[in-house]
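Protein chains: 4
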Amino acid sequence: MKAVAKLTPVPGAALIDVKVPTPMPQEVLIRVAATSICGTDLHIYDWNKWAQGRINPPLIIGHELAGYVEEIGSEVDSFSVGDYVSAETHLYCGHCKTCCNGKPHICDNLRIIGVDCNGSFAQYLTVPENVLWKNDPSLPPEIATLQEPFGNAVHTVQTADVVGKRVVIFGDGPIGIMAVSIAKAEGAETVLLVGLSDVRLEIGLAMGADEVINARRESVAEIIKHTEVVLEMSGSPIAIKQGFNLLENGGIFIAFGLPDAPVPIDISEEIVFKEITVKGVVGREIFSTWERGQQLLQQINLAPLVTHQLPLAEYERGIKLQKNYEAVKVILLPH
Amino acid sequence: MKAVAKLTPVPGAALIDVKVPTPMPQEVLIRVAATSICGTDLHIYDWNKWAQGRINPPLIIGHELAGYVEEIGSEVDSFSVGDYVSAETHLYCGHCKTCCNGKPHICDNLRIIGVDCNGSFAQYLTVPENVLWKNDPSLPPEIATLQEPFGNAVHTVQTADVVGKRVVIFGDGPIGIMAVSIAKAEGAETVLLVGLSDVRLEIGLAMGADEVINARRESVAEIIKHTEVVLEMSGSPIAIKQGFNLLENGGIFIAFGLPDAPVPIDISEEIVFKEITVKGVVGREIFSTWERGQQLLQQINLAPLVTHQLPLAEYERGIKLQKNYEAVKVILLPH
Amino acid sequence: MKAVAKLTPVPGAALIDVKVPTPMPQEVLIRVAATSICGTDLHIYDWNKWAQGRINPPLIIGHELAGYVEEIGSEVDSFSVGDYVSAETHLYCGHCKTCCNGKPHICDNLRIIGVDCNGSFAQYLTVPENVLWKNDPSLPPEIATLQEPFGNAVHTVQTADVVGKRVVIFGDGPIGIMAVSIAKAEGAETVLLVGLSDVRLEIGLAMGADEVINARRESVAEIIKHTEVVLEMSGSPIAIKQGFNLLENGGIFIAFGLPDAPVPIDISEEIVFKEITVKGVVGREIFSTWERGQQLLQQINLAPLVTHQLPLAEYERGIKLQKNYEAVKVILLPH
Amino acid sequence: MKAVAKLTPVPGAALIDVKVPTPMPQEVLIRVAATSICGTDLHIYDWNKWAQGRINPPLIIGHELAGYVEEIGSEVDSFSVGDYVSAETHLYCGHCKTCCNGKPHICDNLRIIGVDCNGSFAQYLTVPENVLWKNDPSLPPEIATLQEPFGNAVHTVQTADVVGKRVVIFGDGPIGIMAVSIAKAEGAETVLLVGLSDVRLEIGLAMGADEVINARRESVAEIIKHTEVVLEMSGSPIAIKQGFNLLENGGIFIAFGLPDAPVPIDISEEIVFKEITVKGVVGREIFSTWERGQQLLQQINLAPLVTHQLPLAEYERGIKLQKNYEAVKVILLPH
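Chains as they are written, first to last, in my numbering: chain A, 10 to 344; chain B, 10 to 344; chain C, 10 to 344; chain D, 10 to 344.
For the record, the hints were derived by calculation from the structure and aren't laboratory data. Bear in mind the structure is a predicted one, so any value in this text is a computation, not a measurement. Incorrect hints may appear among the rest.
For chains that are exact copies, the list does not tell them apart, and a pair is met inside one copy or across any two.
To be verified - Quick list of in silico lysine-lysine cross-link-like pairs, DSS-like style, CA-CA up to 30 Å:
1. K234 / K143
2. K106 / K250
3. K250 / K332
4. K143 / K106
Work the whole structure out from these sequences, hints included.
Okay, structure coming up:
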């Protein structure tokens, strides 16, 4: 089969020919119908510091996907050949204390598809049965593959509990834009999106933002005085500082974006005296976030985010489009 | 009357003679039976950076107190002359959005006794009726005055919800030590106290700590591997860093200590990937924290913390004892 | 002034002439611009069993209102003559344990306007400053008076936390219909309204219900199989039984309707084995519910519920219209 | 092997010889070291109405157990021969919506050991790997078998959140008595136990109750005026009525006891006006309740509850002792 792999510990990736994998007893083999490019894939491609510390080549990359069950392992009993599926990408052990406390998505022995084991930029991949998700048949593959990042946005918004609240979202990446539509659907009073790209902010408006701010040109602090909820989805130290400044007494700060380095926080003024709650959010709750995501996709249309659909072989073009902010989400089609 | 005041914007304080104040219609006049020295008083005395930015001399300092109602304003209807009382020190407006949402202790227009208006290092002071607390008559004044800092500790522990949890407390100041006893009473599995003073850590053990660590001599990271709850009550950047390191996935970090400057936080590794919850805690909930505190004082004995009782005129000795870690809590007796 | 009062302990009410009341020091006098008829007023008029046990004539009835401050007591400092206001109708003591725990709406010494003291079916009434609410000037009086029952609906829906949930509302009275629109605004997946009046169910559809069921003609159990949330707003023993039957494992039952007599509940099957949560809801949180209500009224239009506006003197016609299900909400105009 | 089975649909049970079962691929075979008699076993023995509707003879009864893994199925990978184990008795499907939402203990397809499949009153039984619990080796088998009912008590107390609360427990059965010790350990202000047997109430006192009431002789309503939390662990309609009466505004009622028939509840007065929260509790959270239970057993000694240890063949004597209130917990020893 064809697959896109990181073969050596240097920037770049290669299109390779490799044997179709065989599922283990508790795994299924999926024929990939659509797989989408995530920021993590860009980091691995670019071989940034995080990737150097985490990735062991050779590795097939990619993790957002939709496809069809092609073969099942001998112990699989909940899925059949032909099922239309996506996959939770956080592989959990099911035995550690965190798993036992109902939080497998932050399993102490977490492994991630396309990071710690072969991924979905391929014609086929194997995944354990316990992370498989049966897709709503009304979602086409290029939307179904987006359920994974959409789940990040669902998990972020639900952790904040936005009903009746004024919400500011920092970060106009695909997940920040998705969060706009979810926050509106879940009863936020107002949702303001702060970003750096006019094209993306325009899509944010179309997805329901009450107002957008381009932080390259406009002063956030002059436009917004106070807010009750900040969803930090950019990882930018400036956004983090602004987010804390904007929060009212008793406010909520959700940390989803990943800064590259430690960020100085004025704990006394910004957390203690204002009694702020900060919550880290990663991944998706398995599978309650997927269920809520599926519901929301009946009222939220993600099509405007799918700016490009390319054959797998054009992965490098896709990666470049997404890096240059020319694309929002690029879908790769392996067949 | 006699009072201890900051008269000019320089280090130090003076014992002065001043007229007994007259209560406004919604205030009472309290004859102070006991008042205790808090870290805030040391900051004002030392005229540190925070004090320089906040305090407008002349000001009578002090805010932890117990005493008797001497006179009531014309509109006061819930208290009578002779009532044995203490006072919540966070004066709230009752009208702002935060007050209306049931959080007057972080009122948008907050004023603090002994910081923003005259305080309790005096023979008499006036306070608004709506912050008065009727003391349990079984508490002697030198214990009743400690309800205010004890309330800080109650509020900190309850914000964490420690039932069945392994808890690490950073900070062996009086409030950290009080938190030990509360965490044990509220069902923590284990409570470990990290501090810098053997004398205070010894008291921490006597108050119920399962283990104490003197961070001057011992390596916290070697002794404790993981914990579920960190109560940060020291304000030390080193403690904050260690606290985040120790937390397990899904853990809780309560920020009560006040660092002097911004502290670098590795948001990606320490908050996002571990899905940590950080909550700032300040003051006390009015008055649910006071009620819970009163209950707890039926089983927790604070007498070991009261290392010194001095006449008001010896305030400077008290301040020095407390600064030099020779005292835990110094009580001043104005009459 | 003119007022509608229950003068003797028998069915009915009378239009009387009475002196305009004088506000106490902590009260204001309101000139009533609009007051609306509630089910409670019908019970007092009809002199049902509850009314016989609770009401002490003579009493001016009515409690939903909007108007203007005409005069202020000597200690009032947050409101001025001319302010456009409504009033929380649950008068609280502010001193009992329940008030101190932040739940004044279920104060241990609760008194209700128009039930325990003179009410709003009058040209003027006095209310304590601490229950006054400054109205959004964009709401006309006939809508502003509905904030009180609308607040019941807000409080009911928020207690359930309906985000992403399938919700069934029993009861097509005005508050049940209001709850439909709020549940949709707060992210319920689907909202189904069960009632007895086609006219009212039609309004429920217009207010956003996904489906309505007339229980006089249709079998609820055949139409709905399972639900996650039941909002019981009818007080009917049949609805209560059906509501518990419909709930899935882990479901939530909000009890707002008031049955006349004890209702048999199969605690083993309907509460224990399914781990159902039942929460009673009464009144409104003071004032967080009012704030959320004001927000929601920017997107929810209550005008379709105002079927009649009558002069105060026609109160009997209004009461009859509402009793016969010919009206949804009747507004009385005292001036 | 020897086992105690219900062979025909009539009262009683028989000691039988039967083949040792063979574990399926995902099951283990356990050699039972100790198994304890539960009220459910008495119901099946007596063939009460519930048993008649639920049990299909022939069936080996019993479900509380401790033992050693004797053999493992081909797909078992987390347990080995010789492991010292107990078992969660609620067998869950892992696929239904309730399981996916993290509540397998109320699985929509729930099956119970010794009720829906063969149980532990036997020398050996098979159980699925996913309900196995590795025992703390310091617990002897006659205590380890009690972790299952102890888990009921843990789950009940934790659902209430008793920190600082006045708690009344109705029911002096073994689980009610266990709940006393847990509520004290988790910071309840006071715990009062209401029951019918002086012997059991005496044990309740020894386990930490602040006060006990024998409802046969004493009037609950005269002794207690108000409480914040009721743990209803008796199933008695009288206790349920008293429990609701005692609750203060805003109180919590945990329903764990199983009444035989519907109980009339005054929803208006007892739930709505007081804004009471009622929560049903069944089983144990898998496995967070087991973990918390294991912690608590380091400070709580269950030995006083183990009044009898008998060979399996004396099961009828054990059942009688427990029915006549002569025993608290009877342990059967199959080897």
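Hints versus structure:
no., hint, result
1, K234 / K143, "between (44 Å within a copy, 23 Å between copies)"
2, K106 / K250, "between (34 Å within a copy, 24 Å between copies)"
3, K250 / K332, "within (25 Å within a copy, 34 Å between copies)"
4, K143 / K106, "both (27 Å within a copy, 13 Å between copies)"
Taken one by one, the earlier hints all hold for this structure without exception.
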